[in-house]
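Novice: Chains R and Z, in that order, give the protein sequences. Heads up, the first sequence is in our numbering, so the first residue is 1068 and it goes up one at a time. Heads up, the second sequence is in our numbering, so the first residue is 1068 and it goes up one at a time.
Note that these hints are calculated values from the structure, not bench results. Misleading hints may appear alongside valid ones.
Note that identical chains are pooled: a pair holds if it fits in a single copy or bridges any two copies.
Taking lysine to any residue pairs in the SDA-like style, the calculated list, with each CA pair at most 25 Å apart, reads [stated by the list, open to error]:
(1) LYS1210 - HIS1273
(2) LYS1210 - THR1232
(3) LYS1210 - SER1129
(4) LYS1210 - ARG1098
(5) LYS1210 - ARG1269
(6) LYS1210 - VAL1246
(7) LYS1210 - ALA1244
(8) LYS1210 - HIS1243
(9) LYS1210 - ARG1085
Number of protein chains: 2
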Amino acid sequence: MRISVLGSGIVGRTLAARLVDLRHRVVIGTRDPGRPHITRWLRGAGELARAGTYAEAARSASIVVNATPGTATLDALHAAGAAALAGKVLVDVANPVGDPAADPPRLRTGDRSLGEDIQATFTQTRVVKALNTVSPSVMVNPKRVPGDHVAFIAGDSRQAKTMVTGLLREFGWSPHAIVDLGDITGARSMEMLFPLRQRLSRSLGHTNFNLGILHA
Amino acid sequence: MRISVLGSGIVGRTLAARLVDLRHRVVIGTRDPGRPHITRWLRGAGELARAGTYAEAARSASIVVNATPGTATLDALHAAGAAALAGKVLVDVANPVGDPAADPPRLRTGDRSLGEDIQATFTQTRVVKALNTVSPSVMVNPKRVPGDHVAFIAGDSRQAKTMVTGLLREFGWSPHAIVDLGDITGARSMEMLFPLRQRLSRSLGHTNFNLGILHA
Chain R
1068 MRISVLGSGI
1078 VGRTLAARLV
1088 DLRHRVVIGT
1098 RDPGRPHITR
1108 WLRGAGELAR
1118 AGTYAEAARS
1128 ASIVVNATPG
1138 TATLDALHAA
1148 GAAALAGKVL
1158 VDVANPVGDP
1168 AADPPRLRTG
1178 DRSLGEDIQA
1188 TFTQTRVVKA
1198 LNTVSPSVMV
1208 NPKRVPGDHV
1218 AFIAGDSRQA
1228 KTMVTGLLRE
1238 FGWSPHAIVD
1248 LGDITGARSM
1258 EMLFPLRQRL
1268 SRSLGHTNFN
1278 LGILHA
Chain Z
1068 MRISVLGSGI
1078 VGRTLAARLV
1088 DLRHRVVIGT
1098 RDPGRPHITR
1108 WLRGAGELAR
1118 AGTYAEAARS
1128 ASIVVNATPG
1138 TATLDALHAA
1148 GAAALAGKVL
1158 VDVANPVGDP
1168 AADPPRLRTG
1178 DRSLGEDIQA
1188 TFTQTRVVKA
1198 LNTVSPSVMV
1208 NPKRVPGDHV
1218 AFIAGDSRQA
1228 KTMVTGLLRE
1238 FGWSPHAIVD
1248 LGDITGARSM
1258 EMLFPLRQRL
1268 SRSLGHTNFN
1278 LGILHA
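My request is simple: use the sequences and hints to build the entire structure.
Specialist: Laid out in structure tokens, this is it:
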């Protein structure tokens, strides 16, 4: 499959590398594809990977993963362009956190999520919120965390969620680990997990953890 | 021990009833203690329970549990009075949600939590955020949920957190289930779990569930 990953930070590079390992053709979309850290990364990434502008990346794939920083996401998607994103499934893994090191973090207000804002702005794109609740290395390799832990998804399109579920299964998430939180407003629940994740990461001293849901 | 519970809704009554079962002397604090639903409740609650105004309740106990609706909490605490609350441990179990039935819920903004606001307003009171992440029946009986699930606490005073940990253990929470998220800013992580809880409650069809933390 052709999959684009918008964002060349640690989240984007981790997802792109894993997708290449899984034999997908991957385009990393970024503001300026000529920057040295991207050239260096491409050298090690193999022949299935290349880099392009946000617009080139969005045009070249049927699934677009948003791995830009949450506060820069809407600008990056506008740079990609609504036309290039139309008809695509957009997997939004971002957290709308200004300074990720600030503790406690400043999230956007609780009245709306980034996932909802993307869906409201790009109405011809099917947005699925996913994977924003775990660290990049757990996103692509859930076995780093022992036991029954979960990957939430939320989005308005059932078909798009089925495609994203398939992608998560390729990463190693088992079907019963994937918890559908309903329409895209479920993104709110997922983005609001960020402060808890940050606190737990500090107290555990690592990011190989995740939440499980226990119920009667 | 003398424990006051502010709020005569389902959360307050559930906590008060369990505290009476545990042989504590309990005062339910409420706007108007003469209302019929409180009189009715007292009739069944036994000799260790009584009702009073917010101020009477706050004055009569060393531990005060805030079980008022989150959006009404600061008014209720002002009615109790800073003097009556001074020197007390305040266990804040509230969620700052306007209409609990609204889905997705409208939380306060992500920049601050109710727990922090209470601590900033009542500086002579030691606030511990606790139990707001589970349903009332799970708060007082964690065995309703199978497996290793957690009770978060957050607060600036170590001594107050030790007292609250003791109370949680009386309710049946095991020591390793209690996860300390640090100072009162940790309340943000806990209050932001509300939208997730609401979604899960809808999809499971009941509230006998909770989160676990799995880690390497």
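Novice: Would you mind marking each hint as holding or not holding in the structure?
Specialist: Now the hints, each set against the structure:
1. LYS1210 - HIS1273: Answer is within; shortest intra-copy Cα gap is 15 Å, inter-copy 29 Å.
2. LYS1210 - THR1232: within (17 Å within a copy, 32 Å between copies)
3. LYS1210 - SER1129: neither (27 Å within a copy, 47 Å between copies)
4. LYS1210 - ARG1098: This pair counts as neither: shortest intra-copy Cα distance 33 Å, inter-copy 52 Å.
5. LYS1210 - ARG1269: For LYS1210 and ARG1269, only the intra-copy Cα distance (21 Å) is at most 25 Å; the inter-copy one is 29 Å.
6. LYS1210 - VAL1246: Both. Shortest intra-copy (17 Å) and inter-copy (23 Å) distances satisfy the 25 Å Cα cut-off.
7. LYS1210 - ALA1244: both (12 Å within a copy, 23 Å between copies)
8. LYS1210 - HIS1243: both (14 Å within a copy, 23 Å between copies)
9. LYS1210 - ARG1085: within (14 Å within a copy, 40 Å between copies)
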